[in-house]
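Following the hints, complete the assembly by docking chain B onto the known chain A.
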Amino acid sequence: MDGLSVKIGSLILKNPVMVASGTFGYGEEYAQLIDLNELGAIITKSITVKPRLGNPQPRLWETQGGLLNSIGLQNVGLATFIDEKLPYLQKYDTRVIVSIAGESVSEYCQLAQALKKETFDALEVNISCPNVQHTKKGLFAQDKDLSYEIIRKAVRFSHKPVIAKLTPNITDISIIAKACEKAGAEAIAVVNTFNAMAVDLKTKKPVFKNIVAGLCGPAIKPQALYKVYEVKKAVKIPVIGMGGIMNLNDALEFIITGASAIAVGVGNFVDPKIPLNIINGLRHYLKDNKLAQVKHLIGSMTN
Amino acid sequence: MRRPLSIHLVKGSHLEIIYKVVGRGTEKLAQVKVQEKIDVIGPLGHGYALTAGKTILVGGGTGIASLAFLAATLKNKYNQVPIVLIGARNKDELLCSEAFEKIGCTVKVATDDGSQGFHGLVTELFREMAAIFSTHPNMVYACGPLPMLRELVRLCRHFRIPCEVSLEEHMGCGVGACMGCVVKGTKGEYLRVCKDGPVFNANEVVL
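So the sequence lines, in the order shown, correspond to chains A and B. Residues 1 to 303 (our numbering) make up the first sequence, in order. Residues 1 to 207 (our numbering) make up the second sequence, in order.
In isolation and in its complexed conformation, chain A is listed as follows (with noise of 0.2 Å):
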């Protein structure tokens, strides 16, 4: 053992470090550029229960620091996620977290049982995409009683251990994450991207047909930080924290904040080596400090 496993409610890692949700596809198409065995974990792209065609273009917009982007939730939909992207996915040495999103409670709760006999290891609940439209008010997880329907919800239906995907864009994080944790949820996924927007100087126009977009890359890695720090002192369960993360200090200032794991988003398409990079860096990071496991860096922050 080489001290990186890390626990996650009833899951075990063999490292913390995951590739976040949306931006690694089903696996297969970063198989040719990394070995997939040696990620901690896997999450997908969210599964929807039909198919979803997506947001029209543009859907991606550079800014400094950062990618706003507004996908649209374009995937396979759920039939053939379990036909073909799952089996492909679970030939890998690693854990395989499906995430799911659905436009209703009843959605989650199909997306959730239907999904209940396939072979995975745990199910990401996607509350928080800002590029589709959950409710009249708002996301599902700017509302409290919502969030705790659906996790309630799921954890009921899929027998899998859940997480619960926040989104940052409401006023305290930690009323959803604990309503989360009463629903069930073993872990906290912290978190989805901030709203944010781009004007087109050329047209006067809002850059996406939406107007709000979803920002994400190293411009929102100290503000997903921050959310990190308030989940894990509303929580007493286990925190994955993502945003921004492009190499080994980013990682461990999540990790020291509070994070169980971390997952890389945007920093896939920067270099799809920087979650390797971060794993080797761990290894030599423990080896250097003369420590034995990175779970006693989690949360070991002192002010």
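None of these hints come from the bench; they were simulated from the model. Possibly wrong hints are sitting among the right ones.
Okay, derived cross-link-like pairs now, PhoX-like style, lysine-lysine, Cα gap no bigger than 25 Å in a straight line [said to hold, decoys possible]: (1) A:LYS202 <-> B:LYS184; (2) A:LYS209 <-> B:LYS187; (3) A:LYS178 <-> A:LYS144; (4) B:LYS28 <-> A:LYS202; (5) B:LYS184 <-> A:LYS50; (6) B:LYS33 <-> B:LYS11; (7) A:LYS209 <-> B:LYS184; (8) A:LYS50 <-> A:LYS136; (9) A:LYS50 <-> B:LYS108; (10) B:LYS195 <-> A:LYS91; (11) B:LYS11 <-> B:LYS77; (12) B:LYS195 <-> A:LYS209; (13) B:LYS28 <-> A:LYS273; (14) A:LYS117 <-> A:LYS7; (15) A:LYS85 <-> B:LYS184; (16) A:LYS202 <-> B:LYS20; (17) B:LYS184 <-> A:LYS205; (18) A:LYS85 <-> B:LYS187; (19) A:LYS116 <-> A:LYS85; (20) A:LYS85 <-> A:LYS50; (21) B:LYS20 <-> B:LYS108; (22) B:LYS77 <-> B:LYS108; (23) B:LYS37 <-> A:LYS273; (24) A:LYS273 <-> B:LYS195; (25) A:LYS14 <-> A:LYS50; (26) B:LYS187 <-> A:LYS50; (27) A:LYS85 <-> B:LYS195; (28) A:LYS14 <-> A:LYS295.
Leaving out everything else, chain B in the frame of chain A:
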């Protein structure tokens, strides 16, 4: 973020790329010094489907750059050189005509201001030529700005000439994972420019 760039020519173990400095990314790339190492992923996606017989290449702006490697490949494979139409704003912005002549292609130039060759758009030049073809080409290959591709695809449909277009989009991952660089397909679905393209048959996409 990485930048998607096409291969201009392959010379032994060297790849040539031609790009225009349009923003911070390409500006940084332009500052790279000789012998400096850069990280490259590729080649990615689908290239042009090679076709024997008479072919026409139509390029506008920096889009013309990607067609030289195609011309060289067609020549090597079928011992037949394509006719090349190059569009540019003016003669100073005209690119690659020598590269195509070196391959042995017949090159025709169109400039917006008439400073060299045909006075007008490259698609207008194509339309004039297509109207008097003795034999229709087996394929038109095109790369350039979207309005040029749109008009060219329209003309190819009119003259019933098969056409392939190479598209540009802002890209995220480059490997088909992020669904960021899409184009609307004719069946209503969104196709990934990085993975399903960047070269598409004109019948597959709505431009």
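Tested hints:
| no. | hint | in the structure |
| --- | --- | --- |
| 1 | A:LYS202 <-> B:LYS184 | 23 Å, holds |
| 2 | A:LYS209 <-> B:LYS187 | 22 Å, holds |
| 3 | A:LYS178 <-> A:LYS144 | 9 Å, holds |
| 4 | B:LYS28 <-> A:LYS202 | 23 Å, holds |
| 5 | B:LYS184 <-> A:LYS50 | 19 Å, holds |
| 6 | B:LYS33 <-> B:LYS11 | 20 Å, holds |
| 7 | A:LYS209 <-> B:LYS184 | 15 Å, holds |
| 8 | A:LYS50 <-> A:LYS136 | 21 Å, holds |
| 9 | A:LYS50 <-> B:LYS108 | 50 Å, violated |
| 10 | B:LYS195 <-> A:LYS91 | 23 Å, holds |
| 11 | B:LYS11 <-> B:LYS77 | 16 Å, holds |
| 12 | B:LYS195 <-> A:LYS209 | 24 Å, holds |
| 13 | B:LYS28 <-> A:LYS273 | 21 Å, holds |
| 14 | A:LYS117 <-> A:LYS7 | 23 Å, holds |
| 15 | A:LYS85 <-> B:LYS184 | 23 Å, holds |
| 16 | A:LYS202 <-> B:LYS20 | 19 Å, holds |
| 17 | B:LYS184 <-> A:LYS205 | 21 Å, holds |
| 18 | A:LYS85 <-> B:LYS187 | 22 Å, holds |
| 19 | A:LYS116 <-> A:LYS85 | 16 Å, holds |
| 20 | A:LYS85 <-> A:LYS50 | 15 Å, holds |
| 21 | B:LYS20 <-> B:LYS108 | 22 Å, holds |
| 22 | B:LYS77 <-> B:LYS108 | 23 Å, holds |
| 23 | B:LYS37 <-> A:LYS273 | 17 Å, holds |
| 24 | A:LYS273 <-> B:LYS195 | 19 Å, holds |
| 25 | A:LYS14 <-> A:LYS50 | 33 Å, violated |
| 26 | B:LYS187 <-> A:LYS50 | 17 Å, holds |
| 27 | A:LYS85 <-> B:LYS195 | 17 Å, holds |
| 28 | A:LYS14 <-> A:LYS295 | 11 Å, holds |
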